[in-house]
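So the protein sequences, as listed, match chains A and B.
Its first residue numbered 1, the first sequence is counted upward by one per residue in the numbering used here.
Its first residue numbered 1, the second sequence is counted upward by one per residue in the numbering used here.
It is possible that part of the hints are untrue.
Here are the simulated BS3-like cross-link-like pairs (lysine-lysine), alpha carbons at most 25 angstroms apart as the crow flies [said to hold, decoys possible]:
#: 1; chain 1: B; residue 1: Lys109; chain 2: B; residue 2: Lys99
#: 2; chain 1: B; residue 1: Lys48; chain 2: A; residue 2: Lys83
#: 3; chain 1: B; residue 1: Lys29; chain 2: A; residue 2: Lys90
#: 4; chain 1: B; residue 1: Lys28; chain 2: A; residue 2: Lys115
#: 5; chain 1: B; residue 1: Lys29; chain 2: A; residue 2: Lys83
#: 6; chain 1: B; residue 1: Lys160; chain 2: B; residue 2: Lys140
#: 7; chain 1: A; residue 1: Lys202; chain 2: A; residue 2: Lys115
#: 8; chain 1: B; residue 1: Lys48; chain 2: A; residue 2: Lys90
#: 9; chain 1: B; residue 1: Lys160; chain 2: B; residue 2: Lys148
#: 10; chain 1: A; residue 1: Lys115; chain 2: B; residue 2: Lys57
#: 11; chain 1: B; residue 1: Lys48; chain 2: A; residue 2: Lys115
#: 12; chain 1: A; residue 1: Lys90; chain 2: B; residue 2: Lys28
#: 13; chain 1: A; residue 1: Lys205; chain 2: A; residue 2: Lys115
#: 14; chain 1: B; residue 1: Lys148; chain 2: A; residue 2: Lys83
Derived Cβ-Cβ restraints for the label pairs, each shown as a range [said to hold, decoys possible]:
#: 15; chain 1: A; residue 1: Gly227; chain 2: B; residue 2: Arg47; range: 38 to 48 angstroms
#: 16; chain 1: B; residue 1: Arg75; chain 2: A; residue 2: Phe98; range: 49 to 59 angstroms
#: 17; chain 1: B; residue 1: Ala56; chain 2: A; residue 2: Lys83; range: 28 to 38 angstroms
#: 18; chain 1: A; residue 1: Phe161; chain 2: B; residue 2: Ala45; range: 27 to 37 angstroms
These are computed hints drawn from the structure, not numbers from a lab.
Remember, it's a predicted structure, so these values are computed and weren't measured experimentally.
For each residue, glycine too, the CB sits at the ideal point set by N, CA and C.
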Amino acid sequence: MKTMFVQEAIRHGAAAAERQPGKFDPGETIIHHVANSPASDPLIHLPTIAGIDFSVTKHVLMLWVVAAIVFIVVSWTVRRYLKQERLVPKGFMNALEFVVEFVRDEITEPNVGRKWVNTWTPLILTFFIFILVANGIGLIPIFDLIGLTDYYVLRTGEHSFLKQVLHGGTTATANFNVTAALATITFGAIIVAGSMAHGFVKHWKNMVPHGLNPFIYVILIPIEILGMFVRPFALTMRLAANMTGGHIAILAILSFVFLFAEMFGRATAGIGVGLVVSVPLAVLISMLEILVVLIQAYVFTLLTAVFIGMAIHVHH
Amino acid sequence: MDNPLVQLDPGLFIWTIITFLGLLWALKKIAWGPLLQALETRQNAIRKSLDDAQQAKQDLERLNAESAQIIARARVDADAIITQSRADGERLREEIRQKARGEADVIVKNAERQIQLETSRALEQIRHEAVELSVMIASKIIQRNLTKEDNERLIDDALKQVEGRRH
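Please model the complete structure; the sequences and the hints are all you need to start from.
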């Protein structure tokens, strides 16, 4: 683990040095490592439809990678499990079943109720696993290893696909465009849930309590409409900011290595600071990140369930 | 807005929605749907077998209680029957004894009466014989025939004497 960080740190330096010879710019490096790959230079060029550029950037690629991993692992495990004569889970299915039952019994059912639990569990389950894997994949330095291999072993050309893939952050859920899209699905799910439980018109009427002084509605309706949008907005920002924050902290701490090396004009100074300060701290924060990855996936999922439940069981 | 961290990217937004909904649809069809159903089926099966076990246990307990009750009742009944039959036997014995005693008494009385009857008949006969013998002897002695009146008087006298001797 530690060597990985050291190697990653070296690569950071190399990447920064390539772009800006002579001077290490921590801000630039960090942003480069967290933000999406530049839209001007996508991995796969796709046409612009109605002013929207559908080109595949790094984060789109990561979404696909995550979706593919989740789909293959989950469907393969479940299929194999269901093919058994007696439904006794074993191996990885135990873990998956634990997750499924946790999401169904601890997140979905207490919020949406027994009647709707089978309707909403698939969505909430997919949210949880998708966000969890998308968050978690950012902790694994896949692309740093690919970059290292490319730099020292493969030595592909300047514009090879491998080189392009290295640009941009690995964690798609650190991008608020992604989390906004996920929150939009929550937003839609809330409306669908309310409409399924009470009918489309009744769902909107349920937003405010009935039979109050008409004057109160003048205040209440705007507040409720605002609340309707604030909820997904909070979901968006919470997830994206949490996923970005940890990465930035780790990268900033690792940047000490290069800042000190530059400051003293010696590589040993950087390596010393790295061994004493940066790597231990980065390891600590990475451990914290493992928790954050889980907690944020849980929070997003739980809040989605809570909002759906609020649309189904209207309390005023 | 040249900070790439806060760059609006509608393409990415739409790709996310498409990717997620696609994943949701595929997983729901292939994994979640069948899995949730299987879990529920299994849960119901487990619940049912637990219920059945509970039910069987209750049945067993009830049957045990019932059989214990039946045995207790049978024991009480048996006791009652034994007591009853003992009393019946006692009474029957007493009855039979009484009856036997009565019959014996009757038989004894009959026998006594019979004996008395026979005795008196024998006495009567003896008396007649004695009278005839006496008359025959007396007529032989006196050698003449007494009149009938004399005869009867003599007989009566003799009888009175006999009677007087007997008493």
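Evaluation of the provided hints:
no., hint, result
1, B/Lys109 to B/Lys99, "15 angstroms, holds"
2, B/Lys48 to A/Lys83, "23 angstroms, holds"
3, B/Lys29 to A/Lys90, "22 angstroms, holds"
4, B/Lys28 to A/Lys115, "18 angstroms, holds"
5, B/Lys29 to A/Lys83, "16 angstroms, holds"
6, B/Lys160 to B/Lys140, "22 angstroms, holds"
7, A/Lys202 to A/Lys115, "19 angstroms, holds"
8, B/Lys48 to A/Lys90, "23 angstroms, holds"
9, B/Lys160 to B/Lys148, "18 angstroms, holds"
10, A/Lys115 to B/Lys57, "32 angstroms, violated"
11, B/Lys48 to A/Lys115, "20 angstroms, holds"
12, A/Lys90 to B/Lys28, "22 angstroms, holds"
13, A/Lys205 to A/Lys115, "22 angstroms, holds"
14, B/Lys148 to A/Lys83, "147 angstroms, violated"
15, A/Gly227 to B/Arg47: 38 to 48 angstroms, "40 angstroms, holds"
16, B/Arg75 to A/Phe98: 49 to 59 angstroms, "57 angstroms, holds"
17, B/Ala56 to A/Lys83: 28 to 38 angstroms, "33 angstroms, holds"
18, A/Phe161 to B/Ala45: 27 to 37 angstroms, "51 angstroms, violated"
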